[in-house]
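Engineer: Each protein sequence line maps, in turn, to chains S and C.
Heads up: take any position in the first sequence, counting from 1, add 1, and you land on this note's numbering.
Heads up: take any position in the second sequence, counting from 1, add 1, and you land on this note's numbering.
Copies of one chain are not kept apart here, so a pair can be met inside one copy or by any two copies together.
Under the rule of at most 25 angstroms between Cα atoms (straight-line distance), these lysine to any residue pairs were calculated in the SDA-like manner: (1) K24 / R269; (2) K286 / S98; (3) K24 / R266; (4) K233 / E222; (5) K24 / M34; (6) K24 / I301; (7) K283 / H29; (8) K162 / R56.
Calculated from the structure, these hints are not laboratory results.
This structure is a prediction, so every number in the text was calculated from the model and none was measured.
2 protein chains.
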Amino acid sequence: MTLPHAAVETPVFMPVGTVATVKAVPQHLLEEMDVRIILGNTYHLYLRPGHEAIRRMGGLHRFMSWERAILTDSGGFQVFSLSELRKVTEEGVQFRSHLDGGLHFFSPEHSMDVQIALGSDIAMAFDECTEYPAEYGRARASLDLTLRWAERSKRHFDEHKFERPWGDGFAGQAPSLFGIVQGGMYLDLRRESAERLVAMDFPGYAIGGLSVGEPRERTREVIAETLPLLPKDKPRYVMGVGYPDEIAEYARMGVDMMDCVLPTRAARHGLLFTSEGRLNIKNRKFAEDQGPPDPNCGCIVCQRYTRAYLRHLMAAQEPLSAVLNTLHNLAFYLETMRKVRAELGAVGVD
Amino acid sequence: MTLPHAAVETPVFMPVGTVATVKAVPQHLLEEMDVRIILGNTYHLYLRPGHEAIRRMGGLHRFMSWERAILTDSGGFQVFSLSELRKVTEEGVQFRSHLDGGLHFFSPEHSMDVQIALGSDIAMAFDECTEYPAEYGRARASLDLTLRWAERSKRHFDEHKFERPWGDGFAGQAPSLFGIVQGGMYLDLRRESAERLVAMDFPGYAIGGLSVGEPRERTREVIAETLPLLPKDKPRYVMGVGYPDEIAEYARMGVDMMDCVLPTRAARHGLLFTSEGRLNIKNRKFAEDQGPPDPNCGCIVCQRYTRAYLRHLMAAQEPLSAVLNTLHNLAFYLETMRKVRAELGAVGVD
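Chain S on its own, in the form it takes in the complex (with noise of 0.2 angstroms):
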């Protein structure tokens, strides 16, 4: 996949670096780690520091000194995340501001000017996450409201790609705009909405509205649905999942993008992910363990540091904690997609 600000391998699992921040990492770490591709916030950057703001410094990438290729979601699930603050009209959603109450308003339109001026190379669709459960009429109903909006979002997004930050930048290229396939559980209103999207024609196409608090089969089960409706030749992505086994799997099923927050936030609360299983870096177990964290891995935490010493950074609550946790979990991860990648490389699929 090539994009304005990087070549990036497929599949891919995209860090998340919600407020300019992969949270904890510098950024020369990441490169490090030959990430090619994060994960923006547009809700939360939108709300600080603020777009105009972004805009005006060259937008996210220079902002943030991450040349490498950004993704931008659509402020649509943070939004909805909201459930107590918000209002959705069929001209958008009017929200609190969770940081001081003030009153915003997100439309398509306003979306793709909120994603266009962070200068993202892949800019999401603004659609309305649906919630789970949801009664089959709701389902209907949402996914009616999401494909009305990515048809403005659209329309808005090829009137005003070329506004990008980065100006003649880039061999004049533009950013992408994404369409979301929603449609609750029910398979065939996600079929009816992969069909009416692909007619669309968006450069890639994601699916939404999982990892929702549905059990794991179902998600596989709407992946399962949905993946083969959307053209195998455009970017396919599975937005916010998931465990480092589900990751493989989606990506054998064919899925080439995800990202997830899981990596990151589990780490600053002690969980690390390893070859061997979950570790609960503050178990009392792990006091003097001179172990590595994941024996198999070739991180800089586990050719480094210990067991005991990641658990006692996490008990004296230790900022480098954050930073150390966080670091082998995205190796991990990273890990985990380049094994699939060989795989499938290897055995010619696609």
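Guided by the hints, dock chain C onto chain S, whose structure is given.
Structural biologist: Relative to the frame of chain S, chain C by itself:
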């Protein structure tokens, strides 16, 4: 200065690594900044994870994966900071842990045992850090106690120093024990303390009891009065100082070693030291300032990030804020000392 774990160029500033971590900074980035020696706090390490646990794991160097030099303080300073929780007798100090209120006792002998178990390159004699202000009689009594404790520290240390956890490594070398000059702000007491301490023949000497709230001019005066009484051919260490201009001034006066939490602690509160003065990076005026923190600094933070970005990280309470601010402040302190070394070398002082 050649220590078991490192050759250290002096004058040197030692970053403080309180509980086996220089707060927020991965060890490999300290190495990349050419840090050769850090300070560990005996009191904190004794409480958590415990010196016996650290000894069983091969000592502090191995525990924290820091194969360069470590100096440990005696625990005295921290214990005396717990003013409500401690009781001093001729034998030592009884105190309550700030973590769980548990009762503990430090004597000179016990402080030596702990420091030997940790395996530091340089241990410090157990002293009573005289509070400021202190009456003459109080400072005199405190100084006498400190000298009796220095003798006990030295006797016990010399008997047990080969029990350091690094075994026969490092060409069979043992750690060194430095004595500490006290005497409050009374110059005659400082002279007496220095002379009686030098008579005990330590391999290095520290000036303690400074940076306890006294005016800066008193600090300078005590250093100026005491330093000439300490042997020039042995390391002379001023504990717990200071601002960048102070450490440069003291180094020019002949001080070989200094440590201070200031660069690391101030960083976490958003105070950056630069060649153009101090920056409070939280200040709104930096919101869109695209200059580096310090235009004359070559550190990895100044080479890559803007004031606006550092301000944003602080405003968003992002963990990367502490990492980057600390990296810059430490780089600035190290560079300050590098310049003084070049200057002293150039004019052939000492």
